[in-house]
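Here the protein sequences come in this chain order: P and F. Start counting at 1 in the first sequence, then tack on 399, and there's your number in this note's numbering. Start counting at 1 in the second sequence, then tack on 399, and there's your number in this note's numbering.
Among the clues, some could well be false.
[Said to hold, decoys possible] Listed below are several chain F residues computed to face chain P (Cβ distance under 7 Å; list not exhaustive):
#, residue
1, Val456
2, Gly478
3, Met480
[Said to hold, decoys possible] Over the 10 Å line for every Cβ pair with chain P, so calculated as not near, a few chain F residues:
#, residue
4, Thr413
5, Ala440
6, Ala449
7, Ala455
8, Gly460
9, Leu472
10, Pro476
11, Trp499
12, Tyr517
13, Asp525
14, Arg541
15, Thr543
16, Met615
17, Arg618
18, Thr624
Calculated directly from the structure, the hints in this document are not laboratory data. Backbone N, C-alpha and C fix where the C-beta goes; we use that ideal spot for every residue, glycine too.
Protein chains: 2
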Amino acid sequence: VTGERLDRADAETTADGVLDLLGLMAYAQLVAFFELTDDAASAISLADKAALAELAVAEFGHFRLLRRRIVELNADPEGVMQPFVAAVDAFHARTAPSDWLESLIKAYVGDGIAADFYEVVAGLLDTPTQALVLEVLSDSGRSTFVIERIRAAIAADPRVAGRLALWARRLVGEASAQAQRVAAEREPLARLLASSPPSELESANAPGQPGDIGRMFARLADAHTARMAQLGLSD
Amino acid sequence: VTGERLDRADAETTADGVLDLLGLMAYAQLVAFFELTDDAASAISLADKAALAELAVAEFGHFRLLRRRIVELNADPEGVMQPFVAAVDAFHARTAPSDWLESLIKAYVGDGIAADFYEVVAGLLDTPTQALVLEVLSDSGRSTFVIERIRAAIAADPRVAGRLALWARRLVGEASAQAQRVAAEREPLARLLASSPPSELESANAPGQPGDIGRMFARLADAHTARMAQLGLSD
């Protein structure tokens with residue numbers, strides 16, 4: 400009976416973790432839509448405005464898919480997103496682009512990290528949620544138009560590269576800081592990401608395995624370094 | 400020969416008018432996307448944010464369709480939109496909503512006027528452009544969620560009605576002022592809207608028939624009054 404009860408507790412913890420994950424991703428996509436649109440509005444040419452707006456609208460499409468899954472799970476989207484408002488908003492408050500090139504880098508880095516994250520977490524999810532995350536993932540990669548623009552900007556003025564590399568590093572640092580905050584505050588999510596349901600020996604209040612989450616961050620960081628190289632920026 | 404030359408000149412004037420119309424509509428939709436998104440970001444609840452963002456994203460979809468038609472006509476979307484930047488931007492600069500209810504009214508009034516305008520102009524266009532405008536039109540009407548919210552706000556505080564009726568009147572006044580500016584500046588568009596290609600007796604610089612454009616404005620104004628009644632606002 401004790402074993403069964405623990406299994407049920409595990410299943411509930413996993414379900415809570417999935418909802419946390421959906422809430423985090425949905426809110427992050429919703430805010431990405433608003434932030435990218437704001438950045439797009441500041442572009443000088445109408446073509447640039449439209450190009451970044453395309454990316455923003457794609458993020459809104461991802462938000463829609465994630466929200467639909469939350470509703471399918473009989474949860475309230477607002478309630479599920481609420482715990483992540485502070486961290487996601489803090490990330491954006493600390494990473495407001497100061498010009499168009501910084502906006503482009505942020506769009507590219509953000510899109511890339513989100514895609515990597517989706518790929519990593521897809522393996523941890525129940526089948527329908529996994530299908531949804533893979534659907535979102537397959538629609539990522541729209542930010543590749545940025546590569547050409549950044550390379551051209553660096554070719555025109557090589558000094559730009561140093562500033563943008565620093566900016567990209569700052570983006571990743573702030574994202575990582577907020578991710579760690581979220582992992583510390585949301586135990587079900589931390590456990591899901593660490594893929595380690597609590598054992599009988601662990602205290603009920605023990606956080607997920609920091610080692611496993613650390614490995615996930617390391618994997619995301621490697622992918623980020625590869626992306627920076629594509630832009631012509633050393634990390 | 401003179402008659403043939405005039406026919407060709409008429410056809411060119413009409414084609415210029417259609418491009419003007421597409422440029423105006425495309426730019427108006429692009430800016431509507433940015434403005435609505437900005438208004439949506441200021442909503443307090445996540446549900447309200449998402450609801451107005453849905454509307455914004457639909458406007459971006461319309462922009463995409465219109466831009467595609469401009470490209471099909473071998474024209475440059477930026478060049479075609481440029482003549483309308485000043486008027487459309489001036490409209491929004493003069494009608495920045497001061498709160499959420501004003502944002503909702505602006506979304507509803509703007510969406511409604513755009514739909515009416517599309518319906519009126521569809522009859523003046525070549526078949527492929529007409530099909531496109533009707534496609535955009537069929538996707539309008541997403542702003543009906545506003546009706547419920549405005550009625551609820553008036554029920555909660557009847558004094559709100561007077562302020563919002565005044566706001567709606569101001570929106571229509573500013574839209575009409577900018578539309579008249581556009582009609583005065585863009586002769587091919589004015590002629591198309593007036594459905595009256597220049598006769599041999601008219602000077603080449605004569606504007607379109609002000610009477611016909613006036614009738615069009617009157618028709619849009621009537622439809623607007625009907626919409627205001629739906630909201631529980633007398634016009």
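Query raised in the report: Against which earlier hints does the structure fall short, listed by number upward?
Result: 2, 5, 6, 7, 8 and 10
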